[in-house]
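Following the hints, complete the assembly by docking chain B onto the known chain A.
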Amino acid sequence: MQKLFNNRHFLGLLFMLPAGVLLLVFLTYPLGLGTWLGFTDAKIGRSGQWIGLDNFKYLVGDAVARLSLFNTLFYTVVASVIKFALGLWLATLLNRNLPFKSFFRAIVLLPFIVPTALSAIAFWWLYDAQFSILSWTLTKMGLINQYIDFLGDPWNARLSLIAANIWRGVPFVAICLLAGLQTISPSLYEAAALDGATPWQRFRYVTLPLLTPIIAVVMTFSVLFTFTDFQLIYVITRGGPLNATHLMATLSFQRAIPGGSLGEGAALATLMIPFLLAAILFSYYGLQRRAWQQGAKD
Amino acid sequence: MSKFTRREFLKTTAGAAAAGTLGFGSQDAFAQAKWTPEKGAKLRVLRWKRFVQGDEDKWMENTKAFTAKTGIEVRVDHEGWEDVRPKAAVAANVGSGPDIIISTFEDAHQYPDKLVDVSDVCNYLGTKYGGWYDVCKAYCMEKGKWVAVPMGCAGNAVVHRIGAMKKAGFEEFPKDLPGFLKLAQGYKAAGIPPGFALGNATGDGNVWTHWLVWSHGGKMVDEKGNVVIASPETEAALNYGKQLYETFIPGTLSWLDPNNNKAFLDGQIGMTANGISVYYAAKNSQDAKIKEMVADIGHANFPVGPVGKTTELNLFFPMMLFKYSKFPNAAKAYLAFMMEKEQYEPWQQAAIGYVSHPLKAYEKNPLWGSDPKNLPYSNSMKVMLPNGYAGPMGYASAACMADFIMVNMVAEAISGSKPVKEAMDRAKARAERYYKV
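Residue numbers (the numbering used here), protein chains in the order written: chain A, -7 to 290; chain B, 15 to 451.
In case anyone wonders, no lab produced these hints; they're calculated from the structure.
Misleading hints may appear alongside valid ones.
What the hints assert, rightly or not - Below, computed lysine-lysine pairings styled on BS3-like, alpha-carbon distance capped at 30 Å:
hint, chain 1, residue 1, chain 2, residue 2
1, A, 132, B, 303
2, A, 49, B, 432
3, B, 276, A, 132
4, B, 450, A, 49
5, B, 159, B, 374
6, A, 49, B, 442
7, A, 49, B, 435
8, B, 305, A, 132
9, B, 196, B, 276
10, B, 196, B, 387
11, A, 49, B, 238
12, B, 189, B, 374
13, A, 132, B, 202
14, B, 337, B, 128
15, B, 432, B, 196
Said to hold, decoys possible - The calculated label-pair distances, taken between Cβ atoms and stated as ranges, are:
hint, chain 1, residue 1, chain 2, residue 2, range
16, B, 300, A, 27, 51 to 57 Å
17, A, 53, B, 238, 24 to 30 Å
18, A, 220, B, 133, 58 to 64 Å
We put the beta carbon where it would ideally sit given N, CA and C, even for glycine.
Chain B on its own, in the form it takes in the complex:
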């Protein structure tokens, strides 16, 4: 402190005053007052690559606005979402890399000690915007502290044809499992059978198979991380799945992520699980036949099973700030800025609802009301469980999903290639290998 000269003191205070006139601490919704950026701060951000162009354009625009307000340069790199995870793990371990990494699922639980405590940012945003959905806490809180800021999730819902649903005797999309099965049978009878991915489809395969098992009360692990997948509940789920599978279009065992989109838009299937992208592809299509389909496309959340609560899985995105960052305050300011209503809502609109919000206040985003068909996707964070449900999250839960344990168990059992009990035991053996660590 003794070396702090009068000249430097003047410079610093003048800087602070100048910053004030730029908006720091002013009453606009700009949160920088709380996190005074370090001098000369520059940020590097790594995030998953867009699913829709609007997302990336608006995100970059918001980033530019942040730079304009604060003078902090931000470089944003985009990588395919499945590549971000290994890179983040290496960055965490090596202790060098982008200041902020926007990754997927439970990454924040894999190396929580390498992440900056962002409780101040999350508490500020939570208080201001109606609170976080519960699943955010499961993904981003460790020992009572926030170790990542939830960005939202890419929601998945049931995409289906309304006309054939009505013909099958349903005015509304069924909310229970018997109804859902009956509807599936109805679609089959109408010549547009359902189709759900059963190949090693990272997104679409994992999403619906987890729902199937969870909705019946089955789960990979209990609260303590003991593998309990081989259970009467899972058995019930798989037996139900068998009946469902009988209605499927042939070939779903080979389906990867893009297959259901293609088959749906071609009018070959009447029901599948997907992001909002099918609907938007139809809306923006130049093809008259596909355009005609738009009015007939409906969206619904998955039905609730005997457990009596929603049990969906969606692709969750945590934003992690690493301890090796030289500019943690600037990074916190950036994270808060991007999550503020002025930035977040337009960004969500630009991403046409592909990303569902983690903060409850954004339920009121006009995007959701602008087209009632968007509504099921606005619930995505509300209706989901974390992928490591019901156990602790971390390396084991991540590895189980990457190894398609749930998908393969369901595929083996419901296609009849393995007896239900054997499929469960195989999944159990594999999961125990990961959870033993």
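Here chain A stands alone, though its shape is the one from the complex:
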């Protein structure tokens, strides 16, 4: 026994055991169970039979499921791109020597720290068909003569939800990128300035390459959060109007829990995994290549 405890390898394994168990119980098991359920016809309160790819075949042919895939991709791509652009812009602004710098940095985080359900309710009011303050203001200003149907028209509803998601997600991107910006040594900018680089060139050839690793991480997280968004949708539209805002996550919940079709819901959730994996792989193998970061061309 004594000998065993003196063995480096054994001790290493022993110390890793708690973490391993945690991962196994809280990550691997639910993921495995979810995937397995997708191949069964399990209902809530009834264990299912193995039905192979039946659920997936059905979902591929189901117009609502296909619409939810489109919605999810549209939502993720548009929201992520805008969040990145606004976040980077905000980060560079905050990186300058502003008066009350700390105050502004703190205030920027506000949308991120408000519980999602609360901000969702606020947006629900902002977008209300009858009580929207946005419509009211525009009407009073004489710019429109009828209230905007923010959530009743499929495209309006999609864009309105994207706007809400952006509002919520920008602080996360901005603050993380700000942290990245602060790690860039000022001497590099000085050198670039001495070489006569324009502000754009300084950004393009100094800031951007050095920021890429953090951009990769931040945007991976941002894409994952957006792709799996649930609360905003569920509070503001519940997937309506006419399923125009159902994301895969909300549709999967609707079918699995209130609808009772655990198997089908799980299959829909499983279908999200390839997209999420692709996003992660892209960021790791695409954006983190050293050569690219150092300015080399492919």
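Frame of chain A, contents of chain B only:
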């Protein structure tokens, strides 16, 4: 039996005698004589969370009265009504959980073999209180046995403005579909158009869209569970709905359950479908403008369509007693006690008519007569069809409603976003998926 000692025999009989003096078997309306509670019985009840505070307060008060009479401790947990259903399903499957679960709609048909036969309780109550409405049997009877005790339903009715109705040429609320459409047009002309929820509104959306289709003779499934939603009757309903939709206030496609309440109380809409809550919110409002509206608010049951009978849908509540319960007799005593007139009528009053009764005798509850405007809600159980109409109820009917198949079909068709035929076919494909199991 051989181990049953004389001492134990004395204890038991003494207990029974003591119970008798407490009211068991006495002639008050207390039903415990029929169900002698198990020794040391304790009950756990899970029910949907109140819509109005009075409901919960009175329910707990009645529960306390039960404990005082029987010594049986009862713990009541409250959860949002949409969360009770999945929990009940899990409890049924796992074989452990609350003794009694008060859930919604056709839950008793999803796992009837996991539920205690409560025919004795229902027959006792039915005989004593004038019988159950037919829809109770559809929801709570399986193969000739009662598998749940009906608690009632949260009634939905047309809430409208009386003044504008009269201006539109109607002394009374119309009882047929052409009249209803004409009234809707009248409201639009008066500047307070109708508004019925067409978003994924679990309560308000499902209720009126089911009525619309059923009133024309359309239905999701036939008696055998074959999906027959794509039919000339449904088509007629959707075409009628199109005309109705033209009168609606803009934005109803996005409406969830709370939207119509807000719009009505703000005076923006003249007609909608809702529980009694709008009226009571107006009655209890401190706002002078809303208070003024009270006298002008009217209630009516939905009109009858070509099928010639009422075809409404309301939120039904079954009370299920699970077989895993160690104290089925105590639970039956509790269920019977809560449904007795002495408890039920005051509870209904405390819930200001939000819950409509399943037993015919409670039509005479003074609550309904106290304000004639309450009357349409007293009919809620009488005028409704079960949500799985006209087929068998169970997993498929529950899933169809949770997936908003009817709501989405109606919304797609009447808003013109999909041709009527395509909307019906899409609904059919989706429903067939559920009914195939």
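Here is how each hint holds up against the structure:
1. For the hint pairing residue 132 of chain A with residue 303 of chain B, the CA-to-CA distance comes to about 22 Å; that is within 30 Å, so the pair holds.
2. For the proposed pair residue 49 of chain A and residue 432 of chain B, the alpha carbon gap of about 25 Å is at most 30 Å, so the pair holds.
3. Under the criterion of a C-alpha separation no larger than 30 Å, the hint pairing residue 276 of chain B with residue 132 of chain A is consistent with the structure, at around 21 Å.
4. Distance restraint check for residue 450 of chain B and residue 49 of chain A: the Cα-Cα separation of roughly 15 Å lies within the 30 Å cut-off, and the hinted pair is therefore satisfied.
5. Restraint check: the Cα-Cα separation between residue 159 of chain B and residue 374 of chain B comes to about 20 Å, which is no more than 30 Å; the hinted pair holds.
6. For a cut-off of 30 Å, the pair hint linking residue 49 of chain A to residue 442 of chain B stands: about 18 Å separates their Cα positions.
7. Distance check on the hinted pair: residue 49 of chain A and residue 435 of chain B sit about 25 Å apart at the alpha-carbon level, within 30 Å; holds.
8. Simply put, residue 305 of chain B and residue 132 of chain A have alpha-carbon atoms about 27 Å apart, close enough for the 30 Å limit, and the pair holds.
9. For a cut-off of 30 Å, the pair hint linking residue 196 of chain B to residue 276 of chain B stands: about 24 Å separates their Cα positions.
10. Using a Cα cut-off of 30 Å, the hinted pair residue 196 of chain B and residue 387 of chain B holds, with the two alpha carbons roughly 23 Å apart.
11. Distance restraint check for residue 49 of chain A and residue 238 of chain B: the Cα-Cα separation of roughly 27 Å lies within the 30 Å cut-off, and the hinted pair is therefore satisfied.
12. Restraint check for residue 189 of chain B and residue 374 of chain B: satisfied, since their Cα atoms lie roughly 23 Å apart, inside the 30 Å limit.
13. With a CA separation close to 23 Å, the supplied pair residue 132 of chain A and residue 202 of chain B stays within the 30 Å bound.
14. Simply put, residue 337 of chain B and residue 128 of chain B have alpha-carbon atoms about 6 Å apart, close enough for the 30 Å limit, and the pair holds.
15. Distance check on the hinted pair: residue 432 of chain B and residue 196 of chain B sit about 25 Å apart at the alpha-carbon level, within 30 Å; holds.
16. For residue 300 of chain B and residue 27 of chain A, the hinted distance range of 51 to 57 Å is satisfied, since their beta carbons lie about 55 Å from each other.
17. Here the CB-CB span from residue 53 of chain A to residue 238 of chain B is close to 25 Å, well matched to the stated 24 to 30 Å.
18. The hint said 58 to 64 Å for the Cβ distance between residue 220 of chain A and residue 133 of chain B, and at roughly 48 Å that hint is violated.
This entry does not satisfy hint 18, going by the numbered hints stated previously; all others are met.
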